[in-house]
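Following the hints, complete the assembly by docking chain B onto the known chain A.
Keeping their order, the protein sequence lines are chains A and B. Under my numbering, the first residue of the first sequence carries the number 1, and numbering increases by one thereafter. Under my numbering, the first residue of the second sequence carries the number 326, and numbering increases by one thereafter.
I should point out that these hints are in silico values taken from the structure, not numbers from a laboratory. Built from N, CA and C at the ideal position, the CB exists for glycine as well.
Counterexamples of contact, computed for chain A against chain B with all Cβ distances above 12 angstroms:
1. R9
2. P23
3. P27
4. R66
5. T68
6. V82
7. A300
Taking CB as the label site, the calculated pair distances span:
8. B:G542 - A:N106: 49 to 57 angstroms
9. B:S540 - A:R151: 46 to 54 angstroms
10. A:V303 - B:S359: 55 to 63 angstroms
11. B:R462 - A:S278: 29 to 37 angstroms
12. A:F102 - B:T520: 12 to 20 angstroms
13. B:P607 - A:F102: 18 to 26 angstroms
14. A:F102 - B:Q474: 41 to 49 angstroms
15. B:E532 - A:E129: 52 to 60 angstroms
16. B:G542 - A:P145: 53 to 61 angstroms
17. B:D435 - A:N106: 27 to 35 angstroms
18. B:P618 - A:L124: 45 to 53 angstroms
19. A:G33 - B:S359: 54 to 62 angstroms
Listed next, the stretches of chain A that the computed footprint assigns to chain B, with coverage defined by at least 3 CB atoms under 8 angstroms from CB atoms of chain B:
20. 189 to 198
21. 253 to 262
22. 266 to 277
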Amino acid sequence: MTAPIAEGRALVMEFGGPSLLAPRRRPVRAVAGVDIAIRRGEALGLVGESGSGKSTIGRLLLRLARPTAGQVLFDGQEITDVPRPALRPLRRRMQMVFQDPFGSLNPRMAIGTAVAEGIALHGLARGREARDRAAALLHRVGLAPGLHGRRPAALSGGQRQRVAIARALAVEPDFVVADEPVSALDVSVGAEILALLRELRSERGLALLFVSHDLHAVRSLCDRVAVLYLGRVMEEGPADAVLHAPRHPYTRALLSASPGHPGEARGPRIILRGEIPSPAAPPSGCVFRTRCPHALPACAEAVPALRAMGPDRRAACIRDEVMAA
Amino acid sequence: MSAAAALPPLLATDALSVAFRGASGWMTAVSEVSFTLREGEALALVGESGSGKSVTAMAVARMHAGMAGTRATGTLRWRGRQGEAVDLLALRGEALRRLRGREIAVVFQDPGSALDPLFTIGDQIAETLRHLLGLGRRAAAARAVELLQLVGIPDPIRRAGEYPHQLSGGMRQRAVIALALAGEPRLLIADEPTTALDVTIQAQIMELLRDLQESRGMAMIFVSHDLGLVAEVAHRLCVLYAGQVVEEGTAAEVLAAPRHPYTRALLDCIPSRDGPPPRGIPGLMPNPLAPPPHCRFAERCAMAVPACREAPVPLRDVAPGRRSRCLRWEALA
Chain A
1 MTAPIAEGRA LVMEFGGPSL LAPRRRPVRA VAGVDIAIRR GEALGLVGES GSGKSTIGRL
61 LLRLARPTAG QVLFDGQEIT DVPRPALRPL RRRMQMVFQD PFGSLNPRMA IGTAVAEGIA
121 LHGLARGREA RDRAAALLHR VGLAPGLHGR RPAALSGGQR QRVAIARALA VEPDFVVADE
181 PVSALDVSVG AEILALLREL RSERGLALLF VSHDLHAVRS LCDRVAVLYL GRVMEEGPAD
241 AVLHAPRHPY TRALLSASPG HPGEARGPRI ILRGEIPSPA APPSGCVFRT RCPHALPACA
301 EAVPALRAMG PDRRAACIRD EVMAA
Chain B
326 MSAAAALPPL LATDALSVAF RGASGWMTAV SEVSFTLREG EALALVGESG SGKSVTAMAV
386 ARMHAGMAGT RATGTLRWRG RQGEAVDLLA LRGEALRRLR GREIAVVFQD PGSALDPLFT
446 IGDQIAETLR HLLGLGRRAA AARAVELLQL VGIPDPIRRA GEYPHQLSGG MRQRAVIALA
506 LAGEPRLLIA DEPTTALDVT IQAQIMELLR DLQESRGMAM IFVSHDLGLV AEVAHRLCVL
566 YAGQVVEEGT AAEVLAAPRH PYTRALLDCI PSRDGPPPRG IPGLMPNPLA PPPHCRFAER
626 CAMAVPACRE APVPLRDVAP GRRSRCLRWE ALA
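Extracted from the complex, chain A is given alone in its bound form (with noise of 0.2 angstroms):
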């Protein structure tokens, strides 16, 4: 087994709690222990709803911010405290894209610009060779020569997410972060984005973390998934295996309220009732407990672990009987 390129040990992050104004002001707990490994050149689904702690696990990782608790680690090294400055040459080889690429690209910059300039900061070419580099890899994610001398706004919401994935490309990454990359987009349009984002990962070994609330995009492209929810991950195993037989009821619940392709039959319906709860009051014991069809009074009483469920598999749930079914 290959090294994970992007690690994260019982990572937790907890904004806002008590101030000199709000002393009882409880913290959210956005992400509450969560352990995480994206090995090289694979794809890591990331699902949940809102207040998963989806996005900021994908944060976390890439040090765009620093956990409360817990280690973060680049390619084996520690990362966790190391101050911005000290960052830096990690930087290239980690990258984000962005739900809104309209709100990550400078608008007076003509993307041909854009995206050379991002190879001219990390060293990798200036001048002529930066600009050629940087129309090359526009033409492979499918902008024509023509766009090349265009601004963002003169470009449809497809076009941009394109650049802003060559834009990520451009310094030559070995793990990308992509947040809801297609959930902006209309459908034929963010088909063809996940379709590019296969290939280009195939095409370059890169390893993907790919954050999105969408179970059946993240079939389209991912080696694994994570199922999370309130900050902590209920499930996770081979994509294709978990979204056949999940081993959880959260993820039976998310894969059986997810439309998906109308002419597929979708088995029972589980509609579950209530809301997520709030980060900042988490039920106790398993945090899924209070809108689960099969919860106990045992599970209000600890937090289940993740236990292996056959090879590569594990889920948080100590309903076994239930679940194997």
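Below, chain B alone, put in the same frame as chain A:
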């Protein structure tokens, strides 16, 4: 159902077009949409951004009425409560106000925008009840609580006294649905009502809409870009592309055997368990305000032949209750 079938439909739109005034004159956003809708029937308008699905739905609700720079033409024939035919596009003033809420109600994507942040949920619904049904203060307050209960808001008496910001997104959307039901409308238009919600909450709202629509025998127009979601509620589908209906039929038939390459391609964009990963649809939708003078999908269509780029393609009957705007629909059959 047979008695209802003998009646004229609740709504018959004929060649409905909506145009907006731009710098260079009137530009048509939606052209010649025709469909009928009966009580108890759910019709989905499906399409991507710029397809004209929302513009069509909003034209039915007469949301553009009195809006400068917007023009709706064609016919919107409504069957009034006494069976009389009403021309919705001719309604003005008081008659138009009576239509909204009493006959047709709308639920939007963003529940925040439909609620006033300064009033409690209960007060907003009660105010609507007094205005639409002429209820007294106490009766309206009591009915507001009933409506909140009907849409599945737990502890409705307490919730009625809360402000919109105190409710979660899912609960806000339930409150908006309660507000829409206040006037006992005969047609509910739901425009992407779950897009802003988490998927497990979306499942709850879809179940609620389906139950309400069936139990009250309401007609529904459901606007969405998601064919998978649409399959859960719609009896019939109109698929729109660049301002035109490209295919129409029962949901089951259209989804199982599309008769337009765009519908086919859109279905292929949804990942399935056994099929190959989706490739998307190359190219861009033409600007519906300045469409090409022939088949609008031709540039992105894998089946296009030269004839597709020669003249506009009419929407034709291809089977009973099914229409397609494709010259080559038989090649899909």
